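Now for the letters of each chain:
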Amino acid sequence: AQSVSQHNHHVILSEAASLELGCNYSYGGTVNLFWYVQYPGQHLQLLLKYFSGDPLVKGIKGFEAEFIKSKFSFNLRKPSVQWSDTAEYFCAVNAGAGRRALTFGSGTRLQVQP
Amino acid sequence: DSGVTQTPKHLITATGQRVTLRCSPRSGDLSVYWYQQSLDQGLQFLIQYYNGEERAKGNILERFSAQQFPDLHSELNLSSLELGDSALYFCASSGQRESGDEQFFGPGTRLTVL
Numbered sequence: 518a519q520s521v522s523q524h525n526h527h528v529i530l531s532e533a534a535s536l537e538l539g540c541n542y543s544y545g546g547t548v549n550l551f552w553y554v555q556y557p558g559q560h561l562q563l564l565l566k567y568f569s570g571d572p573l574v575k576g577i578k579g580f581e582a583e584f585i586k587s588k589f590s591f592n593l594r595k596p597s598v599q600w601s602d603t604a605e606y607f608c609a610v611n612a613g614a615g616r617r618a619l620t621f622g623s624g625t626r627l628q629v630q631p
Numbered sequence: 011d012s013g014v015t016q017t018p019k020h021l022i023t024a025t026g027q028r029v030t031l032r033c034s035p036r037s038g039d040l041s042v043y044w045y046q047q048s049l050d051q052g053l054q055f056l057i058q059y060y061n062g063e064e065r066a067k068g069n070i071l072e073r074f075s076a077q078q079f080p081d082l083h084s085e086l087n088l089s090s091l092e093l094g095d096s097a098l099y100f101c102a103s104s105g106q107r108e109s110g111d112e113q114f115f116g117p118g119t120r121l122t123v124l
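For the record, the sequence lines run as chains A and B.
Sequential numbering of the first sequence, starting at 518, is according to the numbering used here.
Sequential numbering of the second sequence, starting at 11, is according to the numbering used here.
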């Protein structure tokens, strides 16, 4: 079974700082990778996804992520965070034939201070 | 708005009771997924239905069951409720394509068991 690790549980940044959230997964086969964001009191929204092709994917709100197959990683980045980016971020993977259910990491709570 | 609707938004009930959570997928989506989000377990996949049939099972308790109806809406039934079942229950839906589909999440039902 696949698993997802997010090593940063709580990150505090000032506005305009750069962001990188780590995500590692364990699965030997082909994977689809996702980053979701959950703003306070809201549902999960997709930030970006990687299925195949260019390993550097761009998502909404200026976020991007890089898939590094050799490192089993899919880190999320943003060059300059805003107060409105305060939220919880989840990395997720689905993998294997017929396995479309998502396995989520434990989440990273990002707090951006004005 | 993801197009996925869930009712009710909040549910407060007592231990030992039974509740039904309802989900309507996005128009045209055949797959429905149920996830549980709790403080101690994080986001966990419970069960998936595709076009009325159970497709995959995750960490779903025997006290829980689900079904998908001909109009594609789905219901999650939770019985003999325990305090530990208090959580946010999300429904997600995805399209007709095979593996790797993006999942769209509903706003969730917050269940409180007293």
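No wet-lab data here; the hints were simulated from the structure.
One or more of the hints may lead you astray.
Unchecked claim - Looking from chain B toward chain A, a few residues come up when the C-beta cut is under 7 Å (computed): (1) Gly26; (2) Tyr43; (3) Asn61; (4) Gly62; (5) Glu63; (6) Ala66; (7) Phe115; (8) Gly118.
To be verified - Below, computed lysine to aspartate or glutamate pairings styled on EDC-like, alpha-carbon distance capped at 20 Å: (9) A:Lys578 x B:Glu112; (10) A:Lys575 x A:Asp602; (11) B:Lys19 x B:Glu85; (12) A:Lys586 x A:Glu537; (13) A:Lys586 x A:Glu532; (14) A:Lys566 x A:Glu583; (15) A:Lys566 x B:Glu112; (16) A:Lys566 x A:Asp602; (17) A:Lys575 x B:Glu112; (18) A:Lys578 x B:Asp11; (19) A:Lys566 x A:Glu605; (20) A:Lys566 x A:Glu537; (21) A:Lys586 x A:Glu605; (22) A:Lys575 x A:Glu605; (23) A:Lys566 x B:Asp11.
None of the values given here were measured: they were computed from a predicted structure.
We put the CB at the ideal spot given by N, CA and C, even for glycine.
- Is Lys575 (chain A) close enough to Glu605 (chain A), meaning Cα to Cα at most 20 Å? holds, 19 Å
- Message: Using the nearest Cβ pair, does Asn61 (chain B) come within less than 7 Å of chain A?
- Response: Violated: closest Cβ of chain A sits about 13 Å from Asn61 (chain B), beyond 7 Å.
- Under the criterion that the straight-line Cα-Cα distance not exceed 20 Å, is the pair Lys566 (chain A), Asp602 (chain A) satisfied? Holds, at about 18 Å.
- Message: Given the hinted pair Lys586 (chain A) and Glu537 (chain A), is their Cα-Cα distance within 20 Å?
- Response: Given that 20 Å is the threshold and the Cα spacing comes to 18 Å, the pair holds.
- Hinted pair Lys566 (chain A) and Glu605 (chain A), Cα distance within 20 Å: holds, 17 Å
- Item | Interface hint compliance - Gly118 (chain B) to chain A, C-beta minimum distance less than 7 Å | Because about 6 Å separates Gly118 (chain B) from the closest Cβ in chain A, which is inside the 7 Å limit, the hint holds.
- Message: Tell me if the straight-line CA distance from Lys578 (chain A) to Asp11 (chain B) falls inside 20 Å.
- Response: Roughly 16 Å separates the two Cα atoms, so the pair holds.
- Query: Can the restraint linking Lys566 (chain A) and Glu583 (chain A) be considered satisfied, given a maximum Cα separation of 20 Å?
  - Reply: Satisfied, since the Cα-Cα distance of roughly 10 Å is no more than 20 Å.
- Task: Decide if the proposed pair is consistent with the structure: Lys566 (chain A) and Glu112 (chain B), CA atoms, cutoff 20 Å inclusive.
- Result: holds, 8 Å
- Task: Sort out whether Glu532 (chain A) lies within 20 Å of Lys586 (chain A), counting only the CA atoms.
- Result: violated, 31 Å
- Task: Hold the hint about Gly62 (chain B) up to the distance rule: shortest CB distance to chain A must be less than 7 Å.
- Result: Violated, about 16 Å.
- Does the CB of Phe115 (chain B) sit less than 7 Å away from some CB of chain A? holds, 4 Å
Of the numbered hints listed earlier, those contradicted by the structure are 1, 3, 4, 5, 13, 21.
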